[in-house]
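Please take these sequences and the hints and turn them into a complete structure.
Here are the chains, one letter per residue:
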Amino acid sequence: MSQTTRGQNNTVIGVATIAADLHKVMYIAWSVSIAAKNAMIISAQAGEQARSFQPLTRFIDEIAHTTIKSTEKVEHESISLTRLSANYLRTRDAYTRFHQVDRIGKDARYRHTFDQTIDKCLLQLQEQTQRLHQQLFRLNDFMQDLDMDMRAALAVASVCRIEASRAGEYRNSLSVVADDLERAAREIQNTVKEGMDRIHQLTIQDTEFETER
Amino acid sequence: MKTIQLYDEGHQWFAFARDPEKPEKIIDTNQYMVIHGKRVLLMDPGGIEIFAPMLGSILHHTKIENITDLFASHQDPDIISSLGLWDQTLPKARLHSPWLWEGFIRHFGMDNIEYVSIPDEGNSLDLDGVELQFIPAHYLHSSGNFHVYDPKSKIMMCGDVGAALESPEADMYVEDFDEHIPKMKLFHQRWMPSNRAKNDWIARVRKMDIEMLCPQHGRIFKGENITKFLDWFEQLEVGLGVPK
Ligand SMILES: [Fe+2]
Ligand SMILES: [Fe+2]
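The listed protein sequences correspond, in order, to chains X and P. Position 188 of the first sequence, counted from 1, bears residue number 187 in numbering that gives the first Met the number 0, the numbering being contiguous throughout. Position 235 of the second sequence, counted from 1, bears residue number 234 in numbering that gives the first Met the number 0, the numbering being contiguous throughout.
Source of the hints: derived by calculation from the structure; they are not laboratory data. Computed from a predicted structure; not experimentally measured. No false leads were slipped in.
Calculated cross-link-like contacts (lysine-lysine; reagent style PhoX-like; alpha-carbon spacing at most 25 Å): (1) P:Lys182 / P:Lys21; (2) X:Lys23 / X:Lys72; (3) P:Lys37 / X:Lys119; (4) X:Lys119 / P:Lys91; (5) X:Lys105 / P:Lys21; (6) X:Lys105 / P:Lys1; (7) P:Lys206 / P:Lys151.
Have a look at the derived ranges for each label pair, beta carbon to beta carbon: (8) X:Thr112 / P:Ile26: 24 to 32 Å; (9) P:Asn111 / X:Asp144: 38 to 46 Å; (10) P:Ser123 / X:His199: 54 to 62 Å.
Note that beta-carbon positions come from the ideal geometry of N, C-alpha and C, so glycine has one too.
This is the structure we're talking about:
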C-alpha cells in the first residue's frame, strides 16, 4: 500500500513539475524575444556596419516566438494532463482498495457480486493508463522538437557571434545578443532534458504497475 | 472488522465496528446497516480507510446490488469520506443527507450516486415497507445533522451523540454506565457546541420509544442505560472550547 502511495505521489509531482518546466521554458523564450528586439534596435542604429546582423535578429525573434507559441499550447495540454493524472490516481486508489475488499471478503457469501465492480474499475484504469501514456509520449515528442529548435538556435548564436565581430564599434553590444541567445538555448535544452527524464521515469513507473497486475 | 447483529425480526440491523486493521491514528467508528429483503441502507458508512473492511464484511450478508441507500448524518470525514469509492461501487444508489451539506459532501467525489437532501425538519425513508425516520439533531455536533430512528425495532442510530473514545478491543454494549462516563465526557463537552440544541434533542428523544441507542463511536446503550445517558447528557455543559 505504501509503495502504491509513493508511486501515486511521484506521478502527481512529476506531472506538476513538467508543467512548471514548460512555464520556465516560456519565460526564457520571452527573455530571448526581448533580447532580439534590443538587437534589432542596435543593428538598425549600426546601419551598414551591422547589415548582415539584421536578418539574424529577425530570425532570433522568430525562434523565440515559435517557442513561446508552441510551449503555450503544450502548457495548456499539460494542465489537462494534470487532471487526467489526478483521475488516474483516484481510479488506481479505488482499484487497490477494491482488491482489499476482495481479500478481506474472500469467504463472504456474496463476494462474487462485487466482481463486476472490480472488472469495471480495472477497465477504467487500463483506459486511463493508456491515455496517460499517450499524452506523455506526445509531450515527449514536443520536448524533442524543442530540443531540435534549440540546436538550431545555438547554430544561429555562433553565426551571430561571427557577424558581431564584423560590426565595428557595435561589436560588443551585438556579441551580448549572441551570448544571451546561447545561454537561453542551453538553459531551455537543460530544462527540456530534465522534463524528458521525468517523463521517462513516469512511464517506467506505470509500466511496472502494469506488470504488477 | 467485528459484525454485530442488533435485530432480526422481519428486517435486520447490523453494526460494524472495531476494525483491527484500522490505522492507529484514525478514530474507531461504528457503521450500521439495515437489510430488508432486497433493499439495504448503510448508515454513516465511514472513512476511506475503512471502506475495504466494511464492504468485505457487508458481503457476508447481502449482495452488492441490494445496497440501494446510504445515509450520512453529517459531513465529517469519519462519516462519509469513503463516498468516492461507494460512488464507483454503487452507481445507482441514493445518499440521504442534510440539505445543508450537499455542496460540501460532493467534494468527496460523487459522479453517480444521487444526493437526496433531507430538509431541516427531517423526513423518512421507506425501505420496502420498513419506515426509517430521519430525526433532526442539528448542532449535535454538526450544524446540519440527523439521526435515524426505526419505530419497529425501536433502534435509534444517534451519530456522534453518545460517542465514546474507546480502545479497539472494547465491548459493543455499555455495561457499567458510571464507568463509561469518563470515555464520553470530553467528547461531548468539546464536540457538542450548543446546550440549547442538546436540551431540545433530549426533550424530543425522551418522548420516543427507544430500546437501543447506537452512537457512531464507542458503545451501544440499551434499556435503563438510555435514560441514564439522557440524564447525564442533560446536566452536562457543552461547548467548552471557548474559555469563559
Ligand atoms: Fe462528527
Ligand atoms: Fe464521528
